[in-house]
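Protein sequence lines correspond, in order, to chains A and B. In terms of the numbering used here, the first sequence opens at residue 1 and continues consecutively. In terms of the numbering used here, the second sequence opens at residue 338 and continues consecutively.
These are computed hints drawn from the structure, not numbers from a lab. Note that this is a predicted model, so its numbers are computed, not measured. Watch out, some of these pointers could steer you wrong.
To be verified - Residues of chain A clear of chain B, computed beta-carbon distances all greater than 12 Å:
#1 M92
#2 N96
#3 L143
As the list claims (entries may be wrong) - Reference listing, derived: stretches of chain B covered by chain A, where coverage requires no fewer than 3 residues with Cβ under 8 Å from a Cβ of chain A:
#4 460 to 473
#5 534 to 548
Ideal Cβ placement from N, Cα and C applies to all residues, glycine included.
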Amino acid sequence: MTTQNQKLKMALTSTPMILIYVIAVFCIVVSIRQPAFLSPATAINIGRAGIFTMCFAICEMVVIISGGIDVSFPAVGCVAMYVPLYLNYHGMLPDNVFAFFGLAMFIGLIFGILNGILVSYLKLPPLIATLATSSIASGGLILALGTREFTTLPPSLEALYRVNLVTYTDAATGFTYPLTILFLVPVALCVVMALVMHFTMLGRGLYAIGGDANAARIAGFNVRLLQFFAYIFCGVAAGATAMIYTTLMHSSTTTALMGDEMIIIAACVVGGCRLTGGHGNVGGTILGVLLITLVQTNLNMLGIPTSWQTFAVGLVLLLGAILTSIQAKRQTKLGKI
Amino acid sequence: MKNFKRIFALGAAVMMTATLFAGCGPSNSNDGGNSGDDNQGDGDGATYKIAVVPKMTNIGWFQRMEEGVKAYNADNGTDYLYGGSTEGADQASYVEGLLAEDWDAICVVPFDSQSLAPVLQKAKEAGVVVITHEAASMDPQYFDYDIEAFVNADYGTNFAKQLVELTNGEGTYIQFVGDLNSVSHNEWCDAADAYFAENSNMVKLGRYETGDQTTSSYNQTKELLTAHPEINAIEGSASTDVAGAAQAVSELGLSGQVAIVGTSMTTICGNYIEDGTIASFSVWDPAEAGKAMIELAIAVLDARAAGGELDVASTSLAAVGYESLTAGEGTPTVLYGNARVDVTKDNMANYNF
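Work the whole structure out from these sequences, hints included.
Following this line, the structure appears as structure tokens:
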């Protein structure tokens, strides 16, 4: 009986549940302040706004679980969104969705391999290694191709932008809220990665090397290969995400994504990933991203003055991080009993 | 593994060498300036040695300025130098490198006024005329004259005027600024507020910060319109503000119902001008600003050669929008032109930057 009670208590106070409480409270507060919040339009707005954050967070989550960190994905993403449009503009790349996404992912792959070499072969600290990759990527891009803004999409990407999953029309205002088909990308990514992380040797290996690389090696995991995989996955997925960004925002510049790394890492940490590696999962990361996206895109609805918004985002991040860290401590304590 | 390390070391060495060569960039450009020196004497009497240094050279804005300086050189048979730091960060050392030569005037668009100030001080002490642009907030002791495209308040008032016209002076407006601490963005918006209050019944919902991110103005526009469907006018300040707002408005099916004006560039929001979501955006032409800096430098040098100082009231620069100048009230060495350009469907082809 006591164990059952304890189990229930554990479930109700687990990290994901706590995040769900925080998200629920936030939603209730916003909808009291602003009844317009309670509408399918809000769901579509948040779904749309969270696409990039979600994809990047999954990339980062895999690297963090493997015991590393990647701060290069915004710069790599910029290269991946800029080069294909630049080549197309100069007639060197056919106007084809697969060509754009293929090249973007290939560029991500190259930088992923570079990160993989730096971290797994040369044993550089991941933060420094990926910081270097980031500078090389963004500096090299500007040196090689200069800076321009591409704001007119090639016809194939424009056609992709116009494909919507659903369009909700608000009865009262007549406003239309389209949800792009590209929303399926983060959904698919989450499902696939949840399965991979949970049920495959690859996924379990990533947890193992993140928890204790030495023990993992003795247990027979190929640490180097697994680290390589983490960075390559991150690079490729970041490349694709960057092309999604270009498609949805009609913008390809050399700096569009720069500075996004910290908020993405924060989303992972709030979602239960530990920077020391070995901990975290897709479900928690989704909740972390949801919380951050909710806060980022609804402070105006909440009526928080702009001058307070950065402060408010910081506060919510701190709250999330504290809650998950308390949680981690509790779990270790329980484990000892 | 050993081989691998060797390859890596080789790669690192190649990169370092490349960096070294890149470091030679400024001195190479100085040679370009020297050739200008050779031309001194021929031409029409007083040819000065003038350098124009942009904030950075790698963005479209300053490539447009370069076109302006080149066009000026071609039209006037001069050979003024245009060059600077690629990304801006080492602008101060670039200018310091220039000072090894004997310049009559240096025109600079400061990247970081703090690190540039001592270098400009040195230039002034050496008798070089220092002209700046977009540096009105800098301590005036570091330049001889600063030239601005327009008075910020006039520029902001124009946005309000346009919005009042588009909405017949009724409704609710919002403003975007790149940064709540940006002096110019807030001066534009404050002036617009004053005009709205005096000349319309329009109500302001708020002023929001976008961090110069298209995604931010896009998401905030959707959020604000969802919560406040009565919004019918949007004023943008950072160049990406109107682009994000226009995309949101167009997705919501509100093109033509919500008026959008603001500062931007053709390369950023040209497609929304074409489809009519943005009625007009405003900008100043960096090509003309480049010409104006050169013209001002020549005017100052001419005046000093004649033993006097520049008479602002009678100065007319051969650059569009700078034909007459007004001196700043607080600091008389800050000069304002009237170089705002309202870009619409009709004249967009002329401002393709």
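The hints, checked one at a time:
no. : hint       : verdict
1   : M92        : holds, 20 Å
2   : N96        : holds, 21 Å
3   : L143       : violated, 7 Å
4   : 460 to 473 : violated (count 0)
5   : 534 to 548 : holds (count 4)
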